[in-house]
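*Asks:* Model the placement of chain B on the given structure of chain A, informed by the hints.
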Amino acid sequence: MATVQRRPVLTKVFGVYLPAVPFLFFALFPFYFMLVTSFKKDAELYDLKAVPFLIRTGIETEHYAKLFTGSPFLVWMRNSVVVSLLSTAVSLVLGTLAAYALARLRFRGADSFGVAVFVTYLVPPTLLFLPLSQVVNALGLADSIWALVVTYPTFLVPFTTWLLMGYFRTIPREIEECAMVDGATRWQALTRIVLPVAIPGIICAILFAFTISWNEFIYALTFISSTDQKTTTIGVTADLIRGDIYYWGSLMAGAVLGAVPIVLIYVFFMDYYVSGLTAGALKS
Amino acid sequence: MDARQTDHTSGILHTPINRRALLRTGGRTLAGIAGIVAAGRAPAGWAARELSLLTAVNYAPSSDVKLDELGKRFSKQAGVNVRIDHLQSVQMPAKLSAQLMGKAGHDIISLEMHYPWLYRTGLVDVSDICSDLAKKHGEWYSFAKEHAYVNGQWLGIPYLFISFPGSHRIDLFEKVGEKAPDTWEDLLRAGRKLKKLGHPVGFAISQTTDSVTTLYSILWCYGAKDVAEDGKTIAISSKETEAAIDYVKVLYTDAMDPAVLSWDNASNNQWLNSGRGSWIHNPISHYVVAKEKKLPVVEHTGFHPSPAGPGGRHTVGVPRSLAIWKFAKNVEVAREFLRWFFEPAQYHEWIMSGDNYNHPMWRDMETHPVWDVDPKYKPLKAIAQYSHLYGWPAPPDERIQVITNSYIIPNMFARVVTNTSSPKDAIRWAEGEIKRVFEKK
Numbered sequence: 001m002a003t004v005q006r007r008p009v010l011t012k013v014f015g016v017y018l019p020a021v022p023f024l025f026f027a028l029f030p031f032y033f034m035l036v037t038s039f040k041k042d043a044e045l046y047d048l049k050a051v052p053f054l055i056r057t058g059i060e061t062e063h064y065a066k067l068f069t070g071s072p073f074l075v076w077m078r079n080s081v082v083v084s085l086l087s088t089a090v091s092l093v094l095g096t097l098a099a100y101a102l103a104r105l106r107f108r109g110a111d112s113f114g115v116a117v118f119v120t121y122l123v124p125p126t127l128l129f130l131p132l133s134q135v136v137n138a139l140g141l142a143d144s145i146w147a148l149v150v151t152y153p154t155f156l157v158p159f160t161t162w163l164l165m166g167y168f169r170t171i172p173r174e175i176e177e178c179a180m181v182d183g184a185t186r187w188q189a190l191t192r193i194v195l196p197v198a199i200p201g202i203i204c205a206i207l208f209a210f211t212i213s214w215n216e217f218i219y220a221l222t223f224i225s226s227t228d229q230k231t232t233t234i235g236v237t238a239d240l241i242r243g244d245i246y247y248w249g250s251l252m253a254g255a256v257l258g259a260v261p262i263v264l265i266y267v268f269f270m271d272y273y274v275s276g277l278t279a280g281a282l283k284s
Numbered sequence: 001m002d003a004r005q006t007d008h009t010s011g012i013l014h015t016p017i018n019r020r021a022l023l024r025t026g027g028r029t030l031a032g033i034a035g036i037v038a039a040g041r042a043p044a045g046w047a048a049r050e051l052s053l054l055t056a057v058n059y060a061p062s063s064d065v066k067l068d069e070l071g072k073r074f075s076k077q078a079g080v081n082v083r084i085d086h087l088q089s090v091q092m093p094a095k096l097s098a099q100l101m102g103k104a105g106h107d108i109i110s111l112e113m114h115y116p117w118l119y120r121t122g123l124v125d126v127s128d129i130c131s132d133l134a135k136k137h138g139e140w141y142s143f144a145k146e147h148a149y150v151n152g153q154w155l156g157i158p159y160l161f162i163s164f165p166g167s168h169r170i171d172l173f174e175k176v177g178e179k180a181p182d183t184w185e186d187l188l189r190a191g192r193k194l195k196k197l198g199h200p201v202g203f204a205i206s207q208t209t210d211s212v213t214t215l216y217s218i219l220w221c222y223g224a225k226d227v228a229e230d231g232k233t234i235a236i237s238s239k240e241t242e243a244a245i246d247y248v249k250v251l252y253t254d255a256m257d258p259a260v261l262s263w264d265n266a267s268n269n270q271w272l273n274s275g276r277g278s279w280i281h282n283p284i285s286h287y288v289v290a291k292e293k294k295l296p297v298v299e300h301t302g303f304h305p306s307p308a309g310p311g312g313r314h315t316v317g318v319p320r321s322l323a324i325w326k327f328a329k330n331v332e333v334a335r336e337f338l339r340w341f342f343e344p345a346q347y348h349e350w351i352m353s354g355d356n357y358n359h360p361m362w363r364d365m366e367t368h369p370v371w372d373v374d375p376k377y378k379p380l381k382a383i384a385q386y387s388h389l390y391g392w393p394a395p396p397d398e399r400i401q402v403i404t405n406s407y408i409i410p411n412m413f414a415r416v417v418t419n420t421s422s423p424k425d426a427i428r429w430a431e432g433e434i435k436r437v438f439e440k441k
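Heads up: the protein sequence lines correspond to chains A and B, in order. This note's numbering numbers the first residue of the first sequence as 1 and each following residue consecutively. This note's numbering numbers the first residue of the second sequence as 1 and each following residue consecutively.
Pulled out of the complex, with its shape left as it was, chain A reads as follows (with noise of 0.2 Å):
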């Protein structure tokens, strides 16, 4: 009876738990040593015998102070999220009428336009933030986080159509056409019956646009210059790298709170961001 129990058990240890170890030691890896170097002293940072794992020599919290009083982190960081919310919303809207056309809509040319939309997120902004900062001083935006609202969507509109027109294509046809056929508009059907059925992908959708919207680094480099409209990610590094001085204590700090929203999202909507992902893996 005992090893009838005891089967499960360890069944979950060896068959789950520790074949996960090494993906969580690779994927927490970075956030416990960012964690680590930020609370260390300078002088255990600075000296080459100190473990860098471990903290040896008493916990400091200097770095987070000066990240807060040294540094307009706390703008930084709304900008970040100001230019991530709007940037994510145009590109979802956008986005969603986009892959809804293509994978509903039958017209000449959809499967083409498709691919095109791809290949379009594939151009590599290294080569398009130097064209697109002609178009940011001719709209007037330069220097200011809306430079970044309507440049994002370049790369993220393309994104979150591939997504969703995915998604869109395993929700069956029958259920909007049934509603058409009870009078419903293509409007109609498309808000509510196919959106709600397609919460976990546009969740998953908004938690990508996102993550890559946060993250982004060249054109925020290259269109804001002023600290006061930096996104966390150029005003980090503007302000805590000073030529070949960098102050780790401090960009470790500001890397751990720079990722707390993303960590935030991720475990809110983890359910919904793996079953959108998985979406039209299992024949229904």
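Here are some of the chain B residues that sit facing chain A, going by a computed Cβ distance under 10 Å:
#1 283
#2 290
#3 294
#4 296
No wet-lab data here; the hints were simulated from the structure. In this text, a Cβ means the ideal position worked out from N, Cα and C, and glycines have one as well.
*Replies:* Using the frame of chain A, we list chain B on its own:
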């Protein structure tokens, strides 16, 4: 056919509103209003007079603080709103390229090395200011002039240079019976003993600008060069280059920390300040930090001239200048600011603020008090006399900057010290890469 129609009675030009025009105008207006609301300030163009500066983050933080302070003072005096932004020096090329491409950006920008050559099409001629400054201070150091004097015009006003002396641990060198190395051979001899003692010597052999600087210095000291004086002949393939490579290979094997292959620009600072390293080739930033953080190595750290070799004593001087974009909104105000900044009172105040990390650019300032802010800086005084731009003795050229940014020189050395290539093969590879850069023009 032009869609616009003129009302002949009033002379007003009417543009029929079509869907595209409406979308364009509406989009701009919405984006503009949204931008103003979010930024909480009017666009730069609306301000009465605004001057914007973009400089690379100064390695001596107090210098940037002083520059901001001077900007505020100029604001009060001239009734101009001065805004100063700072960016990592490695991020400057992307920013400058975007500004040049978009023909909009800051009024004044700081440029280093061959950037005045790279961005010459967008820069204002400031020869008038430079000739006035030359009357006051005499000539700039030759490498400073080569950096900003482009095709007969001054396109930037050199305002600082960063030097690369040798930095050593006085106590450790004494312990092995050695003095500060005067030549690269001295360094090898001392380095062998120091490595046995557990305190090797080191400089980056990796894709960093520090590595480019040190390895150019060694090449020159052994009589080698990558491009000849005519600026056309690729001269990297020589016995002198082989001798320099042989030297670095022996030094790496016998006296250096193998970690140098993975170093970034910060690693050597950290390494010396940690107490493990005994010698590096670097600007004095590590010492500035050690003083600021009160690290124990401060009292044991010393400086000496960049080592010499059979070909003489040479190293890299990294000059920076202030330049004005042609498309700047306030070219005249920018000129006004630069004239004011370089007046002795302001310039003296600014140069003194950086603990001599920023060296003055004129020969007549070799007696400037900034050289005496710390008695340890004495060997730095004459360093400009044997400092050169990357690519020396070839004349300055934007293609040299491309060679630098492609890290061809460090990669050539890295191939040999890691036994990936023989010296001859590595040189052949570098020659091919340099040729490719030169053929692109």
